[in-house]
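Following the hints, put chain B in place on chain A, whose structure we already have.
Protein chains in written order, with the working numbering: chain A, -13 to 260; chain B, -13 to 260.
These aren't lab readings, by the way, just hints derived from the structure by calculation.
Since copy identity is lost for identical chains, a pair holds within one copy or between any two.
Straight-line distance between alpha carbons at most 20 Å, and here's what the computed SDA-like set of lysine to any residue pairs gives: (1) K30 with L18; (2) K30 with L11; (3) K30 with N74; (4) K259 with H129; (5) K77 with D254; (6) K30 with Q20; (7) K259 with Q152; (8) K77 with T(-6); (9) K30 with Q(-3); (10) K30 with N75; (11) K259 with S125; (12) K259 with A79; (13) K77 with T122; (14) K259 with N88; (15) K259 with S131; (16) K259 with N74; (17) K77 with L31; (18) K259 with E151; (19) K77 with N(-11); (20) K77 with T32; (21) K30 with Q73.
Protein chains: 2
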Amino acid sequence: MRNLDEMTITQAVLANNSRIGDDRLCEIMTSLVQNLHAFARDIKLTETEWQWGIDFLGRMGEANTTGHPQFALLSHVLGISTLVLAQNNRKPAGCTETAAFNTVSEQPPLLLDLGADLSTNPLAPKGYVQGSVLDTAGSPVPHASLEINPGSDEAPGRVLLQADEQGRYHFCTTLPDHQCIREDSPVGQILGALNRPAWRPAQLEFTVRAAGYQRLTTRVFRQSDPYLEADPLFAVRSALVAQWQWHAAGTTPVGTLSSDPFYTLAFDFVLAKN
Amino acid sequence: MRNLDEMTITQAVLANNSRIGDDRLCEIMTSLVQNLHAFARDIKLTETEWQWGIDFLGRMGEANTTGHPQFALLSHVLGISTLVLAQNNRKPAGCTETAAFNTVSEQPPLLLDLGADLSTNPLAPKGYVQGSVLDTAGSPVPHASLEINPGSDEAPGRVLLQADEQGRYHFCTTLPDHQCIREDSPVGQILGALNRPAWRPAQLEFTVRAAGYQRLTTRVFRQSDPYLEADPLFAVRSALVAQWQWHAAGTTPVGTLSSDPFYTLAFDFVLAKN
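So here's chain A without its partners, still in its complex pose (with noise of 0.2 Å):
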């Protein structure tokens, strides 16, 4: 195996893919190196581009953080974790549509009770978020549990909330705000020279788990966010996007009263069986 070229080097490399034992890895390997071959062959990737790139894929694993996790970022911006969502979760139809990875961090969510207030800035308004975790038939599904990712970066992280046995929540947040990706990060930096909007609508992110049932992960947006339509990680589904209800001072749904103006949201999660 010397002397490789252009015209030799996928086969030499694919060659070394029957030492595989697992059938899907070999499949997997060979299709990654096909397609990555395809890609520098297709446009003759220059030395300088790839060097670049090897640079780039560096700056990424420097910048790479729980709280900013690049690489899965750039996969959400390059329309992957999307298509890669919806090849795998063809779902009975009237359920809740997934929209997003379920990425297990390292830390445990913190364990609170319905009504919790996951709010930490004071200076916006809060949103009081209540509904129904509910089967296809309609039927409540007893004690389901959520994990919200309040999605800011001012939030504590990941909380978990148990709903009760008619399968209701509810908690109290800050009214969920767009937010740029930072532009001093290499995704930021790649959507810049790509000229595309760094802006991501509103959202909340839920992760709703109950034995007998499909894990569902999923995003709920703002309806009438000015990034609906150009969310940069293609996420934004039309039975995902949710009215924020405007109230001016005055008692909350949790019976406290209000000083400031607060909003409040209504969203059911409709869970497929196993």
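Same frame as chain A, now just chain B:
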């Protein structure tokens, strides 16, 4: 741009490319997205598999250092580097072949005098290297600079020598030996999972520069190395395999007396004109 599925996502991502001002960047991004999507679609990549890939890239990023550049190494072991080098380095007959990327390190190489001793391992045999830098007519290229990477973890890093007015160079180094890609590194783990050999054949890496000539970055391999035919980096070229000649203890090429056996290597570099 909502409700994208596996049939519509690729076109939706590509539609963004019309915003790109630079034609070449547009070409690169179009092919990258098409080929990555083809990969995910062809094998119906699952969420779990893609999440593993994203996490793996994060581990690559953590392990990526100048001395152990994981992303460059992954490019090599997937054959992409050889493909990119081959399609960009069609040289006139008689020229020394390219066999490596010219990676620019943050640290400038250490400038040493001709004849310098780069060896660092007192227990390993010494090797005396000499040769000339020539043009395709066989005429010397005076004062060419040779950047040398001894390719060993114990080596002091890159050094720079300047050939004399006859294009001649010589130096002394530890005899290169084959080296194993670290099993505990992400790329080493990939090679293990693929049941692929991780031993790189012994080599010295050179970058040769001279005004009026194309820069040459290449590797010189050692004849009879047991790993020449299974180089995990797909870089070996017959014309770059050279004989290290064994010598009994005695007078070295530089006139010193060696109480241990030593080796000599003669290798000329032939540069292509600009």
